[in-house]
Structure formats: structure tokens, C-alpha cells
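*Asks:* What follows is the residue order along each chain.
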Amino acid sequence: MSALLEVRDLRTTFPSSKRSAGPDDGLPVVDRVSFDLSSGEVLALVGESGSGKSMTALSILRLVPKPGRVVAGEVRLGGENLLDYPVTEMRRVRGTRISMIFQEPMTSLNPVVTAGAQVIEAIQLHDSIGYADARARTRELFVEVGIPDPDARLDAYPHQLSGGLKQRVMIAMALSTRPEILIADEPTTALDVTIQAQILALLRDLQRTRNTAILLITHDLGIVNELADRVAVMYAGRIVEVAERTQLLSNPLHPYTQGLLRSIPARSAAGDRLPEIPGTVPPPSQWPSGCRFSTRCPARFEPCADVMPEELRPAGGRRVWCHDVARNTNPQTDEHGEEEA
Amino acid sequence: MAAYVLRRLVYGVGVVMGVLFLLFVLFFTVTEPEDIARKALGDKAPPEAIEQWKVNHGYDRPLWPWQDWDDNLLFEHYRKMLTFDFGLSDADDSPIIDRIAEGMGPSLSLTVPLLVLGLMAAIPLSLLVAFFRETYIDRMGVLVCVFAMSVSTLLYIIGAQFLIGKLLRWYPISGFDVDPMLLPRFLALPIIVGLLSGIGSDVRFYRTVFLEESSRDFVRTARSKGASEVRIMARHVLRNALIPILTHVVLAIPFLFTGSILLEAFFGIPGLGSITVDAIQSNDFSTLRTMVYIGSLLFILGQVLTDLSYGLVDPRVRFDS
Amino acid sequence: MNVEPYIASNVVTLVLLVGVGFLVAFVRRNRLWREAARTLWSRRKVAILTVGLYLAIGVLDSFAWKGGVPEDVVDVLPNAPLTLVDRLFLGTREASYSAPLAEIEFYGGQPLRHPGTHLLGTDILGRDVLYLSLKGARVALLIGGLTSLIAIPLALLFGVGAGYFGGRFDDFVFFLISTLASMPGLLLLITLIMVMGRGTLSVCVALGVTSWVGFCRLSRAETLKLRELEYVSAARALGVSEPAIVLRHILPNLAHLIVITFVLMFSGLVLSEAVLSWLGIGVDGSWGQMIDGARDELSREPIIWWNIGAAGTALFGLILAVNTVGDAIRDVLDPRTLRDSP
Chain A
1 MSALLEVRDL
11 RTTFPSSKRS
21 AGPDDGLPVV
31 DRVSFDLSSG
41 EVLALVGESG
51 SGKSMTALSI
61 LRLVPKPGRV
71 VAGEVRLGGE
81 NLLDYPVTEM
91 RRVRGTRISM
101 IFQEPMTSLN
111 PVVTAGAQVI
121 EAIQLHDSIG
131 YADARARTRE
141 LFVEVGIPDP
151 DARLDAYPHQ
161 LSGGLKQRVM
171 IAMALSTRPE
181 ILIADEPTTA
191 LDVTIQAQIL
201 ALLRDLQRTR
211 NTAILLITHD
221 LGIVNELADR
231 VAVMYAGRIV
241 EVAERTQLLS
251 NPLHPYTQGL
261 LRSIPARSAA
271 GDRLPEIPGT
281 VPPPSQWPSG
291 CRFSTRCPAR
301 FEPCADVMPE
311 ELRPAGGRRV
321 WCHDVARNTN
331 PQTDEHGEEE
341 A
Chain B
342 MAAYVLRRLV
352 YGVGVVMGVL
362 FLLFVLFFTV
372 TEPEDIARKA
382 LGDKAPPEAI
392 EQWKVNHGYD
402 RPLWPWQDWD
412 DNLLFEHYRK
422 MLTFDFGLSD
432 ADDSPIIDRI
442 AEGMGPSLSL
452 TVPLLVLGLM
462 AAIPLSLLVA
472 FFRETYIDRM
482 GVLVCVFAMS
492 VSTLLYIIGA
502 QFLIGKLLRW
512 YPISGFDVDP
522 MLLPRFLALP
532 IIVGLLSGIG
542 SDVRFYRTVF
552 LEESSRDFVR
562 TARSKGASEV
572 RIMARHVLRN
582 ALIPILTHVV
592 LAIPFLFTGS
602 ILLEAFFGIP
612 GLGSITVDAI
622 QSNDFSTLRT
632 MVYIGSLLFI
642 LGQVLTDLSY
652 GLVDPRVRFD
662 S
Chain C
663 MNVEPYIASN
673 VVTLVLLVGV
683 GFLVAFVRRN
693 RLWREAARTL
703 WSRRKVAILT
713 VGLYLAIGVL
723 DSFAWKGGVP
733 EDVVDVLPNA
743 PLTLVDRLFL
753 GTREASYSAP
763 LAEIEFYGGQ
773 PLRHPGTHLL
783 GTDILGRDVL
793 YLSLKGARVA
803 LLIGGLTSLI
813 AIPLALLFGV
823 GAGYFGGRFD
833 DFVFFLISTL
843 ASMPGLLLLI
853 TLIMVMGRGT
863 LSVCVALGVT
873 SWVGFCRLSR
883 AETLKLRELE
893 YVSAARALGV
903 SEPAIVLRHI
913 LPNLAHLIVI
923 TFVLMFSGLV
933 LSEAVLSWLG
943 IGVDGSWGQM
953 IDGARDELSR
963 EPIIWWNIGA
973 AGTALFGLIL
983 AVNTVGDAIR
993 DVLDPRTLRD
1003 SP
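Protein chains in written order, with our numbering: chain A, 1 to 341; chain B, 342 to 662; chain C, 663 to 1004.
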């Protein structure tokens, strides 16, 4: 059975300053990214800033800002490649089949239009229903996302709402047309911790009741633990590991994932030195031709810096890209020689 | 918000005081009343005539309050200007306020259509250019604007007068008539010239505003909802862009009254701009002083109006959270 | 010590050239500026060359020396200081109008003293129009460049001072800016010149007074922003003295604004002077004055077009080139492009 959303070898580039704009020139901020999203599941896309996770999300909806371009790959929704769609078709997909919510609710809402009007616009763009009906539907949505005093809030302007409320409005807007997929780009990063928990709970409830698939972009492993069914880890534009959540958190295969998990403060004893991954993410101009993590990898050996690792499929539906895992693992079983510290 | 406007008004009054002081310094200390009298009467005038002239025009008293608290020119200057008692022209002894009253009508008849037509031309053009950003339409548009901006207004005037007035003979080169039927013919050329010389910088400015608003996050949100580019431009970008555009326009309103100096003088429109030019050429300092004062007053008024208009257009100002 | 004006002018020009030399050396050593300059050159070669041409002409016209006047030349005093440009056109005076490259006078048909040599014709006084146009370059550079060179440091002094030190000084400066900015520019300009008397110095001072306000406001606003940045607090915590902070942290961050403002102010000033010339209170020898003097020539039969044509084209050429370069500079120096790399 094919998944709801199948992303294959997605590649998005930004022109580098030194070259002229040929289609293959430029820095691939999203480099041969592949993953599946099944109906009703929550897939978390995890990575540091600059890993390309937001760009991946934007590439799916073809919202990559100029001068970036999606140059290769497929994004199959229900079997059809979205990248082949003419723009008019794509607009019909946006908001109806795939919706997106963004990180900064403060700037993502139009400041001179009321909250209600913005949601109504989302509805009326795709459904030919009258204003009164749309407004009623919006009010119901407001209740559903937990906005208190919904009637007053319909006519409120964004600056009159708190961060949490604004994000709820965004969620209401995104879900107003009952999309099959919701892309959430760091939906709680800009919010207070207490509000974060509320929004996460809201997303979880909505996801269950509506059976919406969610592609959750985040850098916070705590959120991954709360919400995700499966996790894909990105580093420097490439996916390095994909696994089901509990498996990833208890038994990470890729050295980068291991490093990330090791450095969670809760996992260290007080007074110990917090483990860190030495070095920093190299800028695109300094990516090695092989594995991009090789510059910082404790398990690095000869082929790593020169040869890009191929995809491995250990048991349990996992995928990983790493030479060290390859040499230590018999791909047929799920045993491997690495011990997690 | 009322408190804010009140504060701006009070500060505005303070600025008016400052402007009047600067005018006093410029017109009474840097230029000696002696010189003004000489310019009015001629160098050969006898000293008694000069003294008499000074008395007539009120220049014979001490300048500063510390010289004579009850009768000094500084206080009188303030008193008169603030009560709009402008006195007589240094050149021909006519009451300045009458000339101003006469001049306002013709000035407005030129500048109001110019403003309206200018907006009607510039905004759609800049929307168009901003919509097609980064394409050759945009680049051509910017190029044309830079070209248009680089031509001196003088050249536009002379060129238009020559081309349209003389060669093609579509409209008269200059002149004015109060008859509303005949007036448009005389206003046609100055309005054309005014539009041409201003459209370059206007379109560039509006284009920048539109481009800035187009790159905001909420535009990305609208796109993710499936809105078309046209809709985004018309409903989201334009609405937000109106705020800085409105500021620009409201600031220009006071100048509707002061008139365009160049256009009026070149095209023989007897408005406030003409009066100013005459004052320059006849060394009529009292009229010049009054014109600068009025211009400043209107400018300050314009700024206060702008602040008020923010409240109408930008909900963030209207509803203080 | 009584210095003759032409010697003073020579010295000032020399100082300016030395200053430009230092600037070039600085740009070559600093990586960011060097790259910016290179990008600018690659994008706008024609405009930069055009500005360079005008600059060269202006500089050539700025060094004057006495002597060397041939015997038969009557239109100048034998002891007058003359520049290179003056000397190139020495003794080419005609009686009155003549068309470009003509052999005879425009009115009357008398043969010219130097037939076929006047590329752009002659004006009402018989002076070669090309010569007048070339002389105008120096005047324009003076008006635009020198005035900016005075207005900008002044604006910086008050603006950065007000923004950084705040308090009463800031209140004073803000009030001053508000007052000056409330007076319509052209009117204030006219008033200042009328009041100070006509002449080159008056015009430059007046132009300076009316144009420093905008940049003062801008630099004050930017300084206010920069002052709150964390690395300034850090510098202060480390005990760096206030003047050093201003010099090393605030000013370099204003550098791109300074460059952009300078270039854009330049064209505004030159255009303003043209209007002033038309009102009769401009600078002698400027293109604006040429245009003003030639106003009626277009309505004659047959038309005399070369005077206004030459001055108008020269003016347009310089302004267009400067505006184009200025736009490109603004794009290149945008702090966002300076800091990020793709």
C-alpha cells in the first residue's frame, strides 16, 4: 500500500554567489531527500538550524522563496507528482489537501485584517459558501481549537491576541478545509513553555479526531517524544536516519542521532560535563563530497569523507545512511555492533 | 491615542515657535533693516527717506526683549505672525494677506489635480512593476524611473513648453484664466510637466513599499492557503502598503496650498508660488518671510494629519493593546 | 596672509585628491569593501566610467596657474590664473551665436574667426559652448561633492552625538532637526541665499544647511539602534572608552549609509542648484545657469538649440550616471548582502 505522501530524491538549490545560474549549479539545501508520510501518522523531521528541514517543507508546497528552486525529485500525493502540477492546480492543493502553519504567529498573520476574516478567506478560497456560513464555520473552528470567547475574537486584530491565541488561529485557518496533511514548521518554538504544552496537546487531539497526517518540523527532541509516530533526522540537507519513535530514542543508529540524544541535559547527571558533538555544522560551501557529518563524527573512517553513504534498510522499517553502520550491521537482522553510551 | 496626538500637537506648537525664531534671526539680524530699506528705495535714497521707510514698516524699534521689554521687534514678530497679521509687502506696500488670499485659488487649481492624477498614475504603475518583480518588466520600469528622475524639472518644463506648446501647438505655453471653461487649457501643460517630473520618484518609492510588503511572512501564509498572486497583491500587500503610502500623500497635502514655485512661474499661474518668486526678484523680504512661515505651518499641520491618519488606517494604532 | 583664491583652490583640490587616495588604499585593504567595489564595477561599468570622466574633467579644471598666455589673445588678462581647460580653449571667442561646426555667424552670416572648430557652437557672447559645458563639470562637482563633504560630517557629529549621548543634547538636536525639517526645503534655501547674499559660498552653505537635516535624523536613529546592541554593552563592560566605542563600533556600521547618502545627496544638490540658477541665485558657470540663460533661445526663429542642448545633456548625463551608481551601491552595500553568504 502506498503512503499518502511520498517524497523521492527531492532536491532544492540556492544559487551560490560565485557561479551563474545554471540548473545544476547552486547549493543543494535539500539534497536527495526521501521519506513517506502515511495517512493519519505524525512524522517528525528533526534537525539543527540550517539542516534544510524548513526548506523541505516549503519545497513540498512549492513555496520556496526566490532565488531558491526545487530542481529535482518527486512529491507524490495520492500517486500524482505535485512538482509537475501547473501553478493553478498547486493552489488548489494548498490549503485543501495540504496546509501549513508557521513558526512565527506574530508575523505570519496579516496585521490589518481581523483573525476571523483571515480564516474566512481560507474557507472561501476553496469552498463556494456564503459569508455568513463561512463565519459560522469559523466560529466553530475557534471553539474547536480552544479559543475562549470566540465571537469577540472573530473581530479581533492579530496584535490584540497573545502568541498562543495567534497560533490557535493559524491552526484553525490551516484545518478549516479539512486537509489530509498538515505541515507544522516549528509551531511552538516562538511560544512560552506553558503555551507550548497546550498547543502540542491541541495538535495531538486534532490529529486524532480528524485523522490528519502531520509533518512536524522541529529541533526539539522533547516535542518529538510527545507527538511523533516516526522520526526522520536531517543533517546539512540530507536525511541521515528514519525510524519509528521509540526505536530511534532508545536505539539510535546514526552517530549524529546518537550525539543528539546524548546531549539532552536530562540524560546527564547533575555536575557532569554535558556531552556535545564537537565542531559546528559546516556551511554549504565547505561540505565534503562524502558524508557531511564526517567532519565531526566519532566513528569516522576512510570512506566517510569521500563517498556518500548509500541507504541501508535495517529491520523494522528503519533507514539509515552511514558507512559505519553498514560495516557493523548485517542488514538482514537488527543487531549491530555499536553500543549506545 | 488621544494622548499621543495631543503630545504631537504640543510639540508642533513648540516647533512653530522655533521656526519663528529662526525666521526672526534670518530676517532681522542677518539682514539689516537698513539693507532692506535700501533695496526697496534704491541706493541713492537720502537717509531721511530710509529712516521714514523703516518707521513705516516697523523696523525702527529695538530688536531684542532685553533692550526694551515692552516694545521690541522679537515679541512683535511673534505676536503678528501668530495672529496672522502679516503687514505690508516690502516691495509695493500691498497687504500681504490679500495677496495670499488671491493666490490660494490658482495654486490649488494646479496642485490638487496634479496630486490626484499623480496618484492615479503612479500607484497602478508601481503595482504592476512590483507584481512582475525580477522580470524584465520590473527592470525596465526601474530603468525608466531612474531616467525620469535624473532629468531636471527645468528641462521638463522647457522641453514641454517647446514641444507641446510651440511645435505641436496643443496647449498654450502659459497663462491663466478664472473661467472654468477656459482654465483646463492653461493647466494642461503644467499638469503634464508636473506629472512627468514626479512620476519617476513616486513609482520607485511605491515600488519599494510594495516589494517590502510582498516579502513579509503573512504573504507566505496567504500563499500557503492557496491564494493567487493577484489576490495576494490586491488584498494583502496593497492594504499593508497603504500605510506608508498614505503617510507620503498626507505629507504632500500642505504643499497643495503653497503651490509649485517652478510650475507657476514658468506657466504664468498667479498662485502662491508666483508670489514667492516675485518676492525673490523684488527683494520683498516681508512677503518671503510670510511665505516661509505659512509653508512651515502647513508642513507641521501635515505631519499632525499624518499621525492622525495612521490611527484610521492601521489597526495597531487604533486599538491600543 | 593674503592668499589668492586660485592658490587656495589648488590646495583644496590637492587635499581632496590625497583624501581620495587614502580612501582607495583603505578599500583595497579591507576585504568587504574590496569585494563590494568589485561587484559594483562588474555591474555598472558604464555609469562608473561616466562619473569618472566628469571627475577627470572637473579635476583638470581645478588646477590654475598664471602666465603662459600668448600675445594675440585678447579675451583674458595676461596675468589671470587659467586652468588646463581654459587654456585649451584660449582665443576661440567669436562675436556671437554660431551653430555647431558652422563656418559663419548665426545672425548676419559673417565668417567666423575660427570656422568649423566649435563642436557645439557658440553662445550669445561668442564663447565656445563645449568649453562652457566642460567648465560646468567642476561647478557641479563643487556643488554636489564639496557641499556633501561638509554636510555629512556635520550631520554625523550631531546625529551620532545625539543618538549616543542622549539627554539634553539629544533634545536640542531633535528640536533643531524638527524645526529645520518643518521649513519647506526650497523656500528655506532661497531665504538663506537672499539673506546671506548671492555667490558661490552662500549657495554652498545654504545647500549644506538644508541637506544635513535628513542624514542627521537617519544617523541619529541608527545610532540609537546600534547603541542597544549587545556588543556595544560588552565593549563598555570591558572598559572601552566612549569615544573609542563610537569610533570603532558605531561609525563603521554607519559607513554604508554614509556612502549611499553621499551619492544620492550629490544628485539632489546639483538639481537644486539648477533651480536656484533659474531663480537667479545660483552659482556662476553652472549648467543650470546656462539653461536659464538660454531659455528664450528656443522660441527664436530659427531656433538656437545647442546651448540648452549641451548644458541639459551634460547635466542629465552626470545625474543619470550618479543615480545609477548610487542605486547599485545601495544594492551592493545592503547590510543583508554584506553579512549573509548563500
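FYI, nobody ran anything at the bench for these hints, they're computed from the structure. Treat the hints with caution; some may be incorrect.
Unchecked claim - If we take Cβ atoms under 7 Å as the criterion, some of the chain B residues that face chain A in the derived model are: (1) Asp401; (2) Arg564; (3) His577; (4) Asn581.
Claimed, not checked - Here chain B is said to cover these stretches of chain A; the calculated rule only asks that three of the stretch's residues, wherever they fall, bring their Cβ under 8 Å from a Cβ of chain B: (5) 53–67; (6) 110–121.
Said to hold, decoys possible - FRET-style restraints, in silico, Cβ to Cβ: (7) B:Leu537 - A:Arg8: 37 to 47 Å; (8) B:Asp439 - C:Arg860: 27 to 37 Å; (9) C:Trp703 - B:Ser542: 22 to 32 Å; (10) A:Ser128 - C:Leu694: 27 to 37 Å; (11) C:Leu694 - B:Met358: 38 to 48 Å.
The beta carbon of each residue, even a glycine, is placed where N, CA and C say it ideally should be.
*Asks:* Work down the list of hints and note, for each, if the structure agrees.
*Replies:* The hints, checked one at a time:
no. : hint                            : result
1   : Asp401                          : 59 Å, violated
2   : Arg564                          : 6 Å, holds
3   : His577                          : 6 Å, holds
4   : Asn581                          : 6 Å, holds
5   : 53–67                           : holds (count 4)
6   : 110–121                         : holds (count 5)
7   : B:Leu537 - A:Arg8: 37 to 47 Å   : 56 Å, violated
8   : B:Asp439 - C:Arg860: 27 to 37 Å : 30 Å, holds
9   : C:Trp703 - B:Ser542: 22 to 32 Å : 27 Å, holds
10  : A:Ser128 - C:Leu694: 27 to 37 Å : 55 Å, violated
11  : C:Leu694 - B:Met358: 38 to 48 Å : 46 Å, holds
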